[in-house]
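Numbering (this note's numbering), first residue to last: 2 to 84.
Hints are computed from structural coordinates only; laboratory data are not their basis.
Take these hints with a grain of salt, some might be off.
To be verified - Below are the BS3-like pairs computed for lysine-lysine, each with C-alpha atoms no more than 25 Å apart in a straight line: (1) K60 with K30; (2) K64 with K36; (3) K59 with K30; (4) K64 with K30; (5) K60 with K36.
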Amino acid sequence: MPTILMLMGWRLFFYSNEGNEPMHVHCRKGDMECKYWIDEELFDIHEAYSFRMTTSDKKQIRKIIFQHFEHIVEQWYEFDKRH
Numbered sequence: 002m003p004t005i006l007m008l009m010g011w012r013l014f015f016y017s018n019e020g021n022e023p024m025h026v027h028c029r030k031g032d033m034e035c036k037y038w039i040d041e042e043l044f045d046i047h048e049a050y051s052f053r054m055t056t057s058d059k060k061q062i063r064k065i066i067f068q069h070f071e072h073i074v075e076q077w078y079e080f081d082k083r084h
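The task is simple: from the sequences and hints, build the whole structure.
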């Protein structure tokens, strides 16, 4: 589970054993967790799931993902090369 970003209490990471899933990022803060699919071509994200998150929490993590979109995509490809 490589961590790619720690910000405002959020840990953004990938799992190494998810097979051939499309590009996505996992996010955790306290007992909250979510996963977002990443559409690199459209510069967009789609929620795959979320647990124990308020609307405000979702807005916060979406903003973080968009602010660091390029970094997350770069890390995905870098991680993918190693596994």
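Review point. Is it true that the CA of K60 sits at most 25 Å from the CA of K36?
Key: 13 Å, holds
Review point. Quick one, are K64 and K36 close enough, alpha carbons at most 25 Å?
Key: 14 Å, holds
Exercise for review: With a cut-off of 25 Å on the C-alpha distance, tell me whether K60 and K30 pass.
Suggested key: It holds: about 14 Å lies between the C-alpha atoms, which stays within 25 Å.
Check your understanding: Hey, K59 versus K30, does the alpha-carbon distance stay inside 25 Å?
Key -> 11 Å, holds
Exercise for review: Would you mind confirming whether the straight-line C-alpha gap from K64 to K30 stays at or under 25 Å?
Suggested key: 15 Å, holds
Violated hints for the displayed structure: none, as all numbered hints are satisfied.
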